[in-house]
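Just need the whole structure built from these sequences, with the hints factored in.
There are 2 protein chains.
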Amino acid sequence: MKGSESLLATAKTAGVQVCFANPGTTEIPLVEAFDQVDGVRAVLALSEGVVTGAADGHARMTGVPAMTLLHLGPGLANGLANLHNARRARTPVLNVIGEHATWHQPADAPLASDIELLARPVSGWVGRTSSAAAAATEFVEAHQAALRHRLPATLIAAADHMWSQGGEPADVPAAPARPAVADQRIAEIAKLLNAGRGRSALLLGGHTLTADGIRTAARIAARVGGEVFVERSPARIERGPGVPPVRSVPYFPEDVMRVFDGFSHLVLIGARTPVAFFGYRGMPSYPLPNRLEVHELADANQDAVEALRTLAEVTGSAAVELPRAERPQGPTPKGPLSAASIAAAIVLTQPDQAIVVNEGVSSGAAYPAIAAAAPPHCELTNTGGAIGMGMPVATGAAVACPDRPVINLQADGSAAYTVQALWTQAREGLDVTTVICANSRYQILEAELRRAGIEQPGEAAANLTSLGSPTVDWTAVARGFGVPANRVTTGEELVEALRRAHAEPGPHLIEAILGTPTKQRVKGALEPN
Amino acid sequence: MKGSESLLATAKTAGVQVCFANPGTTEIPLVEAFDQVDGVRAVLALSEGVVTGAADGHARMTGVPAMTLLHLGPGLANGLANLHNARRARTPVLNVIGEHATWHQPADAPLASDIELLARPVSGWVGRTSSAAAAATEFVEAHQAALRHRLPATLIAAADHMWSQGGEPADVPAAPARPAVADQRIAEIAKLLNAGRGRSALLLGGHTLTADGIRTAARIAARVGGEVFVERSPARIERGPGVPPVRSVPYFPEDVMRVFDGFSHLVLIGARTPVAFFGYRGMPSYPLPNRLEVHELADANQDAVEALRTLAEVTGSAAVELPRAERPQGPTPKGPLSAASIAAAIVLTQPDQAIVVNEGVSSGAAYPAIAAAAPPHCELTNTGGAIGMGMPVATGAAVACPDRPVINLQADGSAAYTVQALWTQAREGLDVTTVICANSRYQILEAELRRAGIEQPGEAAANLTSLGSPTVDWTAVARGFGVPANRVTTGEELVEALRRAHAEPGPHLIEAILGTPTKQRVKGALEPN
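Going down the list, the protein sequences come from chains A and B.
Be aware that the first sequence starts at 1, since it is given in this note's numbering, and climbs by one per residue.
Be aware that the second sequence starts at 1001, since it is given in this note's numbering, and climbs by one per residue.
The set of hints was computed from the structure by calculation and includes no laboratory data.
Heads up, the beta-carbon is just placed ideally off N, CA and C, and yes, glycines get one too.
Accuracy of the hints is not assured; some may be wrong.
A few chain B residues that face chain A, going by a derived Cβ cut-off under 7 angstroms, partial list only [what the hints assert, rightly or not]:
id	residue
1	Ile1028
2	His1104
3	Pro1121
4	Gly1124
5	Arg1199
6	Ala1386
7	Gln1420
8	Arg1479
Covered stretches of chain B, as calculated for chain A (at least 3 residues, CB under 8 angstroms) [as the list claims (entries may be wrong)]:
id	region
9	1039-1050
10	1110-1120
11	1154-1165
12	1274-1283
13	1346-1358
14	1448-1459
In structure tokens:
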């Protein structure tokens, strides 16, 4: 068989379900192979930022690597920002990047560029095919590396290796297990917690943020008199009955300092030490109280779930009964829309087992603040800060979970990056409801200008942070890409529109026009999720 | 003054007129600086592919470096594909990429990544600011490098260097001149041409493609019995009365072989040796007849214009009278639309001194084939093959030349990459008329499948090359971004729509629905421009 066919057959053996793609001429042998080899579904996207974000969303939901197929250096380049987010989410995305035929590479044809350099900043592994015969084995290397590092892996596939005969499917070893945390380390942390010398904060991240993981941590916290926090911008966090509500690490450094005030120990469990999202004058990079000692139980790649389970045993917390968490009543959205009332409307109408993709930016933090009132769901967020992840990740999550409704809480500025995702949602008939928080501004930048002491931006600064003149008509854009859409301006209308969207299959977009924002910073309201 | 202010003041001194921007928090000091320092206009775009493509288009028209302002690694990443095209166009784009404050960089905050690695494949020069005091001088280094190499240059500007006081505007030396071609080389080429041992093809590229440059080459060809060709996909080519029509190097290698058949010498004048756009089985990378000898008069960076002028003198061609080129009558577009009739309608209605940005891909080659019938104009094309350049380059060209109408002949698949450019066209009131060649397919990929022997693509391949289900409604998308739009299906309607668009100021989009394509390859019709 051809190299391309052996690669795809091996991808199937490896459990890869979907390949999100935007192919070109160098990928033609792989395009053909989808018709020769069953089992991996090809999903087309109109631009590569959608391809990579969708692969991230798919893999976040399935835990299985999703594949991308991209066209040479420029195709990869267009997908890098969402691969950056996938890297921060520790998502095992498998990129296959078509490259010129080996004998054609020295000619430096117009589309030639250094694909390896481009791939390295976002990949835990970068490699090249060496022949049609070896391509499948090299794909397995990429696959194993993606799972070993929990990072994107990038295989650069030369066109002649793909179109040539001589390929053979390769065996796929069992997925590498996450490295275990040493028992001694767990014992040390248990001793620390049990010693009771000052209050402890348990900071959960990565794959611990399941209902089970959060409950286990809450039992430990209850036993040792600590509190559970979750990392800012988790790749995926579950909420539902019996999942105790937990606080998130805030965005601005002064707020991070504040939430950890009074704690003596911070125990990292699959999470990194909190770091300021940006460096601010007079603020430290690690915004933690001086007296807070940081201890790592498990890093983001280790088996933090198992470590947490063992820690619960060792601390005698495994059997702790958690207080029965009543599902609170969510607020009722009324009148002109705000970030808070948009979140309230989503919570109020949210179907069971929804996947909420939150790229609300300055409108985003309002949702997790009240999400305990929602039925069981999981939330996926922007892990790397590269905007334009919301619509693509929602697309990939919907492909991964056709039986679960997807709600995309989406800032307008970020939506403008990768709005082409709507077309794939329409084509695949995906059950995604997008709520555009339309404030027609880069509101987070206005907040940053104020932090920099600019209360009255000049004309140029005002222009560079405004999305008005003209305001984008998101309903028209959505319809252009094949997604039915409507516009709402009040909480009541939004509730009604959400109910209709949830009742109908297929994608919908609701443009939620925010009321005039006040210039004053309302606590939390301007904080990005 | 602040580092950011010194940088911007120096940019002004250097002649930079416009900074296309999509800033974030790390760029706030530069955002502020636009209000403190006059002279450089900031133009916002909704995504970075628009920013970099617009800078390319602006610099192609003005010859002066255009600046970009991008947000960290992900912002640069989103703009890389059009910087790849700018690199191939040899356009001096000046990228300023905001970076975390120096003291915050070791913390590896979520948005941190290796900006230098990302920048290198598209830049002739990459550097970092070292302090507020040195930032302006470092900007000058970037500026000089961009002009010396005729390539994008990338300066990574740390936020603390930008916000700190101590900046001072720097002196800007005269723009580096292009390296001169040695007289001896010119004499050798002259001797070769005058010897008359076989026919010579003069291949023009780069900055020689002005009315004057083409005329000079035509005089030499007339004198020595040769023929003038122009490189495939020129960054900018002028046409008009007295500019002799010249043949382009074709796209497919077998066609390249054919056009140079019968020639003994190929003289490169600011152009590279023709290279196959992709490597095809059984085809060489350099598709030239065996007996064709290649000689380089001037490479793409040298002063090919001056070398051409001298060559004309030395060959005794300077005074050759060219046959008076009559402007031919263009064909009249009638009935269902084809690539040919779209080109005909554009030519028929084209205002004087238009700038035609041609990213027609499979509908693109029809335009240059008949452009001699159009009034004086220049054409900008996709130099690097990274699709999504048309709308951004048209935007930048329109900002550069507010008194010239811009016509963007635009393939639909490529339009979907950077359609956000329409918003900037609306905001800035740019006189751009976009004609979407809507065939709802990646037609070039269908052609490539047939070249690979696949006459009847399977379902997966058909899906991966089709833009149908749903077809994009380009008029809705355009209106969503603030650009008035309409749809046409016949040559007569297109002529009418173009006339209306040209008569009104501001941007317009016309969706030109192509008739059902035949599966047969019509010579030239499927050849990308």
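Each hint tested on the structure:
no. : hint      : in the structure
1   : Ile1028   : 5 angstroms, holds
2   : His1104   : 3 angstroms, holds
3   : Pro1121   : 4 angstroms, holds
4   : Gly1124   : 13 angstroms, violated
5   : Arg1199   : 25 angstroms, violated
6   : Ala1386   : 3 angstroms, holds
7   : Gln1420   : 6 angstroms, holds
8   : Arg1479   : 5 angstroms, holds
9   : 1039-1050 : holds (count 5)
10  : 1110-1120 : holds (count 7)
11  : 1154-1165 : holds (count 3)
12  : 1274-1283 : holds (count 6)
13  : 1346-1358 : violated (count 0)
14  : 1448-1459 : holds (count 7)
Checked against the numbered hints above, the structure breaks hints 4, 5, 13 and satisfies the rest.
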